[in-house]
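**Student:** Next come the chains, spelled out residue by residue.
2 protein chains.
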Amino acid sequence: MRPSAALGLLLAAFALLLPQGARAEDGYELWLRYHAAEPAAAAGYRPAATAILQQGDSPTLDVARAELERGIGGLLGRTPPRATAPINGAIVIGTPASSPLIARLNLPLQPLGREGYLVRSMALDGRRVTVIAGNSDVGVLYGAFRLLRLIQTGQPIERLNLADSPHVELRMLDHWDNLDRHVVRGYAGLSLWDWQTLPRFADPRYTDYARANASIGINGVVLNNVNSNADILTPHFLEKVRALADIFRPYGIRVYLSARFNAPMELAHLPTADPLDPRVRQWWREKADEIYRYVPDFGGFLVKANSEGTPGPQDFHRTHADGANMMAQALAPHGGVVIWRAFVYSDTGEDRFAQAYSEFHPLDGRFRDNVIVQVKNGPIDFQPREPFSPLFGAMPRTAIGMEFQVTKEYLGFNTHLVYLGTMWEEAMRADTRVRGEGSTVARVVDGSLFRPRHTLVAGVANTGNDRNWSGSQFDQANWYALGRFAWNPDVSARDVAEEWTRMTWGNDPAIVTPIVAMMMGSHQAVVDYMTPLGLHHLMATGHHYGPGPWVNDLERRDWNPTYFHNGDRQGIGFDRTARGSNALAQYAPEVAARFGNLSTVGDDYLLWFHHVPWTYRLDTGRTVWDELVLRYTRGVDEVRAMRRTWAGLSGRIDPQRHAQVAAFLAIQEDEAQWWRDACIAYFQSLSGLPLPAGVAPPAHDLAYYEAIRNPYAPGRDQP
Amino acid sequence: MRPSAALGLLLAAFALLLPQGARAEDGYELWLRYHAAEPAAAAGYRPAATAILQQGDSPTLDVARAELERGIGGLLGRTPPRATAPINGAIVIGTPASSPLIARLNLPLQPLGREGYLVRSMALDGRRVTVIAGNSDVGVLYGAFRLLRLIQTGQPIERLNLADSPHVELRMLDHWDNLDRHVVRGYAGLSLWDWQTLPRFADPRYTDYARANASIGINGVVLNNVNSNADILTPHFLEKVRALADIFRPYGIRVYLSARFNAPMELAHLPTADPLDPRVRQWWREKADEIYRYVPDFGGFLVKANSEGTPGPQDFHRTHADGANMMAQALAPHGGVVIWRAFVYSDTGEDRFAQAYSEFHPLDGRFRDNVIVQVKNGPIDFQPREPFSPLFGAMPRTAIGMEFQVTKEYLGFNTHLVYLGTMWEEAMRADTRVRGEGSTVARVVDGSLFRPRHTLVAGVANTGNDRNWSGSQFDQANWYALGRFAWNPDVSARDVAEEWTRMTWGNDPAIVTPIVAMMMGSHQAVVDYMTPLGLHHLMATGHHYGPGPWVNDLERRDWNPTYFHNGDRQGIGFDRTARGSNALAQYAPEVAARFGNLSTVGDDYLLWFHHVPWTYRLDTGRTVWDELVLRYTRGVDEVRAMRRTWAGLSGRIDPQRHAQVAAFLAIQEDEAQWWRDACIAYFQSLSGLPLPAGVAPPAHDLAYYEAIRNPYAPGRDQP
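Protein chains in written order, with our numbering: chain A, 110 to 828; chain B, 110 to 828.
One or more hints might be untrue.
[Claimed, not checked] Far from chain B, some chain A residues (derived; all Cβ distances over 10 Å):
no.: 1; residue: Asp234
no.: 2; residue: Arg255
no.: 3; residue: Thr262
no.: 4; residue: Leu299
no.: 5; residue: Thr306
no.: 6; residue: Arg309
no.: 7; residue: Thr381
no.: 8; residue: His443
no.: 9; residue: Gln464
no.: 10; residue: Arg576
no.: 11; residue: Arg665
no.: 12; residue: Arg703
[Unchecked claim] Partial list, computed: chain A residues near chain B (C-beta under 7 Å):
no.: 13; residue: Asp289
no.: 14; residue: Val293
no.: 15; residue: Pro308
no.: 16; residue: Asn574
no.: 17; residue: Trp723
no.: 18; residue: Tyr725
no.: 19; residue: Ala771
no.: 20; residue: Ala772
no.: 21; residue: Ile776
no.: 22; residue: Pro823
no.: 23; residue: Gln827
Derived from the structure by calculation, the hints contain no laboratory data. None of these values were measured; they are calculated from a predicted model. For every residue, glycine included, the Cβ atom is placed at its ideal position computed from N, Cα and C.
Whenever a hint applies, use it, and build me the whole structure from the sequences.
**Tutor:** Encoded structure:
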């Protein structure tokens, strides 16, 4: 047979093997696509990936090896065989405990802690090998993902000398998933957890979820909504929780549960849930013991107490510390933690901005050392841009964790392209000044400022049963970034965007440069078309989809957008200086001074802290009114520019993903325009001022926008 | 380069092309997998599939050709090129109108109607070709799927002379999908329709849904729940409906909407929805005109009126006919139909079995000829086994459509393997005797008995956004079977099971024989472990998940299982003879006599029609009590046998699908046991009789089963 005939037959044979549609990408593979590297690049990598040498077996080492096999097999076209002794190009994985080969290398592993790793090119028995070593198996797994990421992003791997370890102990996803699979603030379909078929059916997706998390260092998962249902603590559900925990364990992921504070009343019919009542304390102790029988490495409880109607210790005239400590004591014998949310506010008349601080700051030093107080990045509620919460840095004797929102409740849901890395970078780099310059939020969160026993970065997950996991291709970047910021709060948002882009879309600079640019500009764009100049909480009621700056009839004062923008004929903005709510006093004096002074506050935070006349002139030389209109307009223009950029990538991106992103950008442009027009129409009805020259008026009158209803918008909270 | 070297390189090159996990099957492809045929079989087929000759373009002919390219490309390893003139082995597709070649063949197309087709092997200009011809493009599309099915199921295609056409005009799926994507009685995730991203985003899944439907002849889709929301009729949603209609149109599928009877009150604030009120009539006329501007081939309205609380004409002292005719008149100028459901019952004291007949029978002849009355197969509500509804055959001057439930509300949800083809075959073959022997339900439904203007078979869909569409691999068979029974109500359930099995699992007899056997026995198994001997409606309240035969405290008498089984110390069963509710009188005398006589009713329907003492002896020689216990036990045994059968297929089935089915069968066994034990425990508490010798007692006492609650069971109705 001539070679060409053989080739022809083989082509036919392989065509048979290709399932229909296999070439269409739908986003399921996330950033772990492992598609073939460019041939030249692959040829360059292959000599350093000839085999895998794993000594010792464990579930985690096995998944590390399997991931290397899968990744290298896909990227380099040849699955590395398993070696039993060093050969040139082998990847040697293990810990000093599992691997005699690694043990005798005497690698400097000690400073890397339990989860760190080394990836080193070195000689072993005269062979060139790459060693991936850690103090624990999960460190090895993280190192394996690091090596794969190097290949995925086109980095050299011949002369590696990498050491890394997480800067934060607990790196978590909080799933706001109800037991009926409805995901609150979820825009990616139903909950991944199919409680109806658990524990019998282990959906392969659970494993892929764990792989994705391990690849970015996520090591904890809260399975259920913070607006919790006590039933999750019953044996019926604990059996299902166990099944998930068993699947996640090899990937270094522990499960946590949101615990309902009055569970002892609801499940055991105790007359009280008072945290100082001995029956209540005993109930939680026994419940903790029971949970650990199902899940020996159970992580602990996440608790939303006395917040938005949830039960809590204040119902029994006890403090948050009393409540948290009672649960923490129940978990302590097993090594579990309590993560207690500081997202609290009530209709007291106090500026909502200030309430979390007012409630929690006096409790500093009163929490057990296995309690972490989890604080949202900003003082209100996941707005497009918020100043950092004054609680960061304010509780030196308390473990303070960061709560980011990965899902985009106030940020256009899944259809708006908004990369959150830049927002989180802003939050992490904000300087609290509580211990002088450089007392950044990152240093509070990573523990380097106050050295708490535990550190934590959590993200409210954006996953669901949509095929692409996050509801859109680009929202995957926010999941990815959460992991990277949790691993290292000082990471660069741009670096993360570029890593993710290379892994998700390809290494071609003609792809990487424009996509990273889109991502880096996307957060400012959404701020501009939704809430420029420090406006906040202008979203429509309930679902928070679309604009509702005119809403002023909600039961609670501080649910109304009019409360937050405080606009009238004369001016706009929330005065939080000493003349107003004085919430600024919660910051360190330097920060309070900067935000409190009109000449230093800056445009981004102006209306967060000041009420100014419409005619107040900004540094740009324009009035607040003109600037507001121009920012809204600029936001829409930014989305138009993203659409053009994306259209230019046609042909460089697989058609299915390209088409979805293009359609979503079209929706984003529609909705950016809606936001702009509705807000300009509304604020003009207050200011009575003309639009700046050359600016298009809103397409409809205010009544048109006020009449829009979206009762079926996804992600609503449910009673 | 030596061939072997070339082969090696090519192997490597192709390995690069194979995406991770591509070889894992997840069920997304349904019965249209088009995986490679066995090499010898493929070689045999290729000479008859060398090219495609399509004259004339239309969206439907284009998708027919694309499907042949895709299917043959996958099955035979070579995508047939497009030919411009007959060559040996070409597939010639078209209609006499589109294709001069086909026109001059003078094929006997006339008797095939608008949607029929011919598939013929013949000579054309001296070349051997296969002609796929129809009177319309959609006939050609159906013929293309038929040819593909022949290859998929391993049939010869060289000497074809097939003609087929649908026996039923409207072959529909009814989606009980709410506008927030919750699917009532849905066990496969969220609604396929993502209203939030429509109309901008055309999910490729919409097209795959249309392909699947076209492949089985489904030509109509009701997009929204029969418990309808008037908002679907607003421009906001009609824009989205149009987007779906545009996607479905090339596949011969028209969209329909469930219309809320008092929409004129809710949307236009009319003071009434009285169907005889001129304002109401005008509103519906204008609404119909408006809808047809969006969707020129809109199919019509499905209406659930005065049923379970929905509004309807009786609210205004008008009849079902008044209501239906008013809507039908609005649709008539556009060729639309009204599908009016006969699923009505109220708390009147009359046997619920008899109520639909009592309400509708007097209206025979009063409906316009573009109204179809849609009747559930049985008189109660999609129970595991029901006698046919007495309405079939009782309204000779009315178009009567069949409503089957494809989703498995009362049948174990998605995790129980229950093939519904045998149940539907039972229903279709039931002889109403209204025009003498042979007056089967099928002949009522296909119109051959009374020749109504329209005929209809509808199925309540089981689709959702689960990756495998139906929530389980085997539930796909019920979607498939619905299409086949709608096309031809006299089809053989076994033939359908075999077709589906070959396309879905493979042609190997070692696969086909056991799977078909499992499917064919599966319906009797679920009847046995849930509701043997003619018991019905014993399910737990609301979600209908699991057993609840003891429930007797629901507001309405005829919602309580105790109403339906009517068991006490002495006996069990619902007396529907003249001594009881006399519902039997609604059947033709021969049927009434057969069901009404203990010696002829048969075990399957015994307790549907008779109240008998526990000690009553069946033909088996056993008492009702003993037989009941043995049937429950047999049902569990049947599931165990299915599990063994399936375990024996390990290695012959791709691992991912095999594992899911295995896990679901394990759930089914658990739940069959639960059903059996709970029901035996309960009925024993009535009968006070001992279990037959050798039969295991329930694992727990009755109180244990009564205490089980499942508040998060999927698919619940929502207010």
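**Student:** Which hints from the list above does the structure break, by number from lowest to highest?
**Tutor:** 4, 5, 6, 10, 14, 15, 17, 18, 19, 23
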